[in-house]
Amino acid sequence: MGIAAGLLLAAAPVIVAALALSGGGESAQSSGFLDTGFGPAVLRSLKVAAGVWFVAVLVGLPAGLFPALYSIPLRRTLLGLVALPLLVPSFLWAVGLSMLRMALGLPADNILGGFSGTVLAFSATAVPLVTLATYVAGRRITQGEADAARLAGGERHLIFCVARSVFPMAVVAGLLGSILTLSDPGPGQILRFGGAASHILVSFAAQYDFALATRQSLSLAVIVLVLAVPAAIWLSPRMASGLLARQTKSVALSERSTLAWIGLVLLAGIIGMTSVLPLAGLLQPLGNGVPVVRALVTVGRTLGDTVLLASIAGVVGTGLGFSLALCAGRRRRWQIVLLGGALVLFALPPALSSLGAIHLAAIAPPTLDSLTRGQFTVGTIEALRLFPLGAVLAMRAFGTGSPDWTAAAAVHGVPLGKYFLRVLVPWVLPTAGITVVLIALLATADVTTALLLSPPGGGSLPLAIFTIMANAPEALVGALCLLYVGGAGILLAGVSGILRRQERKRP
Amino acid sequence: MTTLIQVNQVAKDFGTVPVFQDISFEVCPGRHLALLGPSGCGKSTLLRLVTGLDVPSAGDIRIEGELASSAKKILIEPHERKIGMVFQELALWPNLSALDNVLLGMARTSQPHRERRTTAREVLKICRLDGLENRVPAALSVGQQQRVALARALALRPKLLLLDEPFTGLDLTLKAEIFKEIRRLARDFDLTLLLVTHDPLEARGLTSEALVLEKGGCCEQGNLEDLLANPVSATLRAFVANLSRAPET
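From first to last, the protein sequence lines stand for chains A and C. Oh and the first sequence: position 283 is 283 in the working numbering, straight run, nothing missing. Oh and the second sequence: position 119 is 119 in the working numbering, straight run, nothing missing.
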């Protein structure tokens, strides 16, 4: 019941958008919306998604597999650096690639622009997603399984067996990464390979056509659902099993130096491709001087809104995710329902929820303006979109505990509130803290929602970068992008520190 | 003498999957009983029914003559059954110290907080954990963790102590040491033990009576030595066969 209510709440803005469209609001163009160039744009988006999926699996699978099996120097640091692009708006990487292309004097249709550039920019998030998913799946291989594979055919056979075992997870993670590209307008718009998401943004933000934008969003949502629903059906039961603690010991990291070096090269290559290359582009215009004052003024102007948006999204998203995970408990059927629903909602275009929120704001009485407009709305809509992350991490945190803790509390008659406060909350608190930070970072990284919902004059730092990048000096854009990446990096290092401390404390 | 536990024709199923049926036995004060059987036969499930953590599908369970569970109903809540329990994986709350584990386990007792603290310290001392009260479970050895679990169960001053295979994975020396400790505590606290195990050797170390669960029902029950002299169940027959194969010293 709680899970159904939670999922319904998260889907509410999407439902409102769909209802608003069915209730009228036809625009001049909306009846023939495919004629506006939206059809070819959808095809371009699908082409990019397919390219991203291919690159992500091809590069991410081996890059995640080797650190799962071999003792790679600086393994944790490298994996942390690999994760960095996941928390940074994808358009920042596109800006970096675009600046790099211009600095190198390459034409717009070069490898750093157009289709290949867009795939490369999106790969900055999809490749780390596959790498980390493969790594996690690879760490689930037990010592016994690894020994059996080694005895049967040596190290090559072990790699083959583990690759085969993690392949489905890598494919699905790649699919998730590529589905997310369908809803992201940034890189395509910057690198001149605009897709469906760019069209939606233009329809609403430039043409002010709510009905057209909603219709386009719903069409995109249908395409996303066709891809996301099978993936969710396949992935949910596996994730539900994977979230439970296991008694078996993970395979010990082998010291084989050649294979460890291969892993190191792969990880370093990914960091180079996804982070160093765009960062080099962002650094390039700073060679002629850093506009420190202007950058700091922009940061100062947007800091309040950024922190407010991030805090609301982090706290609400984490609260919703943890509450739903608590409702699901250890009942496998409910865990699968929650995971499936969460994955599908996560994959839906963020523009759809935003358009639903805009419709709600339009019909709500003016007294509710403080709730229906401004950063509170942006944060809440982001929280409703990103709560799946909270749900997954919470299920994992609850799953690592023993079911006998509750049984012991029942035998001893420990009151529920006391058990909750003394045992359960301290157990999941570090995970909850990490979840707040991750959701906050991902919420600020999404410019679509902020662009559609932020009131004039307001908005987060990424939104400010996105809106000024066409007209502002390159050095200012580069400096602002670097400041954001630096901030995200510091927060990521903090999360990594908490994780390490938590690992040491675990019994 | 009042019977501590009376299990009458109890059955349990999970949906369409039957676990066992028609199980009946009694536990009288001072007569320690072992529930024996192969893995997956439902020993731990039966123990959960006795504690009230799970409901029987049929039959009833009485605690000191009072109806505690009947078919699909819990009539006496687990914490009102005056039962102590040591879980298979000990179930110590990981973020709490040994003392806090015992104290939180006493949350429902009517003692004032200061007295409760004194009792908890006393029980920990009896379990030879003095000086280790402020350590969290992860900072204790396996044997010490076993003792904390015992102390937490004993702090409630139960008449019946349920042990759900808590000795799995322990080496023989440690096991022998803990058996000795439990026998001493059973004597000092006037406790009756109900032990769940798949190992007749463990049962022999702690109990005098046994009930063997096999193939979804009770295969045999009675005095453990008598059962071993004339084994009917596969579990005891295998055990006796292994014993007779052991080289004589």
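Do not rely on the hints blindly, as some may be mistaken.
Heads up, simulated EDC-like pairs for lysine to aspartate or glutamate below, C-alpha to C-alpha not over 20 angstroms straight-line [said to hold, decoys possible]:
hint: 1; chain 1: C; residue 1: K215; chain 2: C; residue 2: E181
hint: 2; chain 1: C; residue 1: K72; chain 2: C; residue 2: D13
hint: 3; chain 1: C; residue 1: K159; chain 2: C; residue 2: D130
hint: 4; chain 1: C; residue 1: K73; chain 2: C; residue 2: E133
hint: 5; chain 1: A; residue 1: K418; chain 2: C; residue 2: E122
hint: 6; chain 1: A; residue 1: K418; chain 2: C; residue 2: E181
hint: 7; chain 1: C; residue 1: K159; chain 2: C; residue 2: E80
hint: 8; chain 1: C; residue 1: K82; chain 2: A; residue 2: D369
hint: 9; chain 1: A; residue 1: K418; chain 2: C; residue 2: D13
hint: 10; chain 1: C; residue 1: K159; chain 2: C; residue 2: E133
Read the hints as simulated data drawn from the structure, not as lab findings.
Here is what the structure says about each hint:
no.	hint	in the structure
1	C:K215 - C:E181	violated, 34 angstroms
2	C:K72 - C:D13	holds, 11 angstroms
3	C:K159 - C:D130	violated, 24 angstroms
4	C:K73 - C:E133	violated, 39 angstroms
5	A:K418 - C:E122	violated, 23 angstroms
6	A:K418 - C:E181	violated, 31 angstroms
7	C:K159 - C:E80	holds, 12 angstroms
8	C:K82 - A:D369	violated, 57 angstroms
9	A:K418 - C:D13	violated, 32 angstroms
10	C:K159 - C:E133	violated, 25 angstroms
In this structure, the earlier hints numbered 1, 3, 4, 5, 6, 8, 9 and 10 are contradicted, and the remaining ones agree with it.
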